[in-house]
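Following the hints, position chain B against chain A.
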Amino acid sequence: MDLNISLAPDILFSLAGFPVTNTLLWSVVLSVFLMLFFVLIARSAKLIPGRWQNFIELLVDGSYSFVESITGPGEKAKRVFPLVFTMFIFTLVANLAVYIPGQAAITVYNGEGFVPVFRAVMSDYGLVLIMTLISVLVMQIVAIITAGPWKYLGRFINLKNPLAFFLGLMELVGELAKIISLSFRLFGNIFAGEVLGSVILFLAPFFMPLPFQFLGLLSAVVQAFVFSVLTLVFISMASEMPAEEEAKV
Amino acid sequence: MDIEAAKYLAAGLAIGLGALGPGIGEGIAASKALESIGRNPEASGKVAPLMFVAMAITESTAIYALVVALIILFG
Chain A
0 MDLNISLAPD ILFSLAGFPV TNTLLWSVVL SVFLMLFFVL IARSAKLIPG
50 RWQNFIELLV DGSYSFVESI TGPGEKAKRV FPLVFTMFIF TLVANLAVYI
100 PGQAAITVYN GEGFVPVFRA VMSDYGLVLI MTLISVLVMQ IVAIITAGPW
150 KYLGRFINLK NPLAFFLGLM ELVGELAKII SLSFRLFGNI FAGEVLGSVI
200 LFLAPFFMPL PFQFLGLLSA VVQAFVFSVL TLVFISMASE MPAEEEAKV
Chain B
0 MDIEAAKYLA AGLAIGLGAL GPGIGEGIAA SKALESIGRN PEASGKVAPL
50 MFVAMAITES TAIYALVVAL IILFG
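Chains as they are written, first to last, in numbering that gives the first Met the number 0: chain A, 0 to 248; chain B, 0 to 74.
Isolated chain A (complex conformation):
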């Protein structure tokens, strides 16, 4: 089989020594598009909403009430909503942009060979890792703020007895495993979707890819949802730590 699959994204051109890959290009294009779109909608907001404003209001309002159902209403939901919703909308648009027809045919010569200009943004592990690191860092910061720095450290380093020390170590491993599990889930699903699509296209080019495309469409939406909801759940768990401890004692 002569399939052109690589884990690392292809380099399109270098900008003053900085290699610009196809996923980087597309993540910038999609971010600029999203920013312009939302700013334009917000600028032209009217009391009687038009078609687009209606759609955005439905989306934002629905997401906000979902966030409130997990964190509980009030200040907490208001603070965590922008981060989680931005992650959701960016991941969703990046995953769905794969289904714009015809973009796979556009290639460009980078000096060594022809590489596709478009590639699923979330199939670049670097980007997914950065998003995961942001969400894990926010979790730790929230945990430190709610529990206080000493209590936070005490969760991991506990010298009371050997069992507590071991459990603290396990807690530390659990926090590190969050980085791996969150990032590999999103990256693995999207990259596997790409690989599956090209393998099926190679084996049976007509009609057979259709059900797999639907499956990919479903997982594109579900993975965007899952990534942001897990971030939300972890953050709201981190913000409820002290109450949980008191309940145990």
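Don't take every hint at face value.
As the list claims (entries may be wrong) - Keeping only pairs whose Cα atoms sit at most 30 angstroms apart, straight-line, the calculated DSBU-like set for lysine-lysine is:
1) Lys45/A with Lys75/A
2) Lys75/A with Lys177/A
3) Lys150/A with Lys177/A
4) Lys77/A with Lys150/A
5) Lys45/B with Lys177/A
6) Lys77/A with Lys45/B
7) Lys6/B with Lys177/A
8) Lys31/B with Lys45/B
9) Lys177/A with Lys159/A
10) Lys75/A with Lys6/B
11) Lys77/A with Lys177/A
12) Lys45/A with Lys77/A
13) Lys75/A with Lys150/A
14) Lys31/B with Lys177/A
Just so you know, these hints were derived from the structure itself, not from any lab. Just so it is clear, the structure is predicted and the values come from calculations on it, not from any experiment.
Chain B alone, transformed into the frame defined by chain A:
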């Protein structure tokens, strides 16, 4: 066995065995969710998103196996 053949064998084994557990687990999650929706159809709006989240978490071990297999094959 040369190294290329061993690579293909390892990738096949990794994803094949890695998909066993999550397959069973997701089946259990779906059957329980459908059961509860059948018992209380109004709750489907609340059960379905939670089921998707739980399924995605269950799926993660299969995804690790898949990533390992892909790294063996293409990395």
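Here is how each hint holds up against the structure:
no., hint, in the structure
1, Lys45/A with Lys75/A, "28 angstroms, holds"
2, Lys75/A with Lys177/A, "22 angstroms, holds"
3, Lys150/A with Lys177/A, "21 angstroms, holds"
4, Lys77/A with Lys150/A, "26 angstroms, holds"
5, Lys45/B with Lys177/A, "25 angstroms, holds"
6, Lys77/A with Lys45/B, "22 angstroms, holds"
7, Lys6/B with Lys177/A, "29 angstroms, holds"
8, Lys31/B with Lys45/B, "14 angstroms, holds"
9, Lys177/A with Lys159/A, "26 angstroms, holds"
10, Lys75/A with Lys6/B, "49 angstroms, violated"
11, Lys77/A with Lys177/A, "24 angstroms, holds"
12, Lys45/A with Lys77/A, "23 angstroms, holds"
13, Lys75/A with Lys150/A, "21 angstroms, holds"
14, Lys31/B with Lys177/A, "26 angstroms, holds"
Violation of the numbered hints given earlier is confined to hint 10; every other hint is satisfied by the structure.
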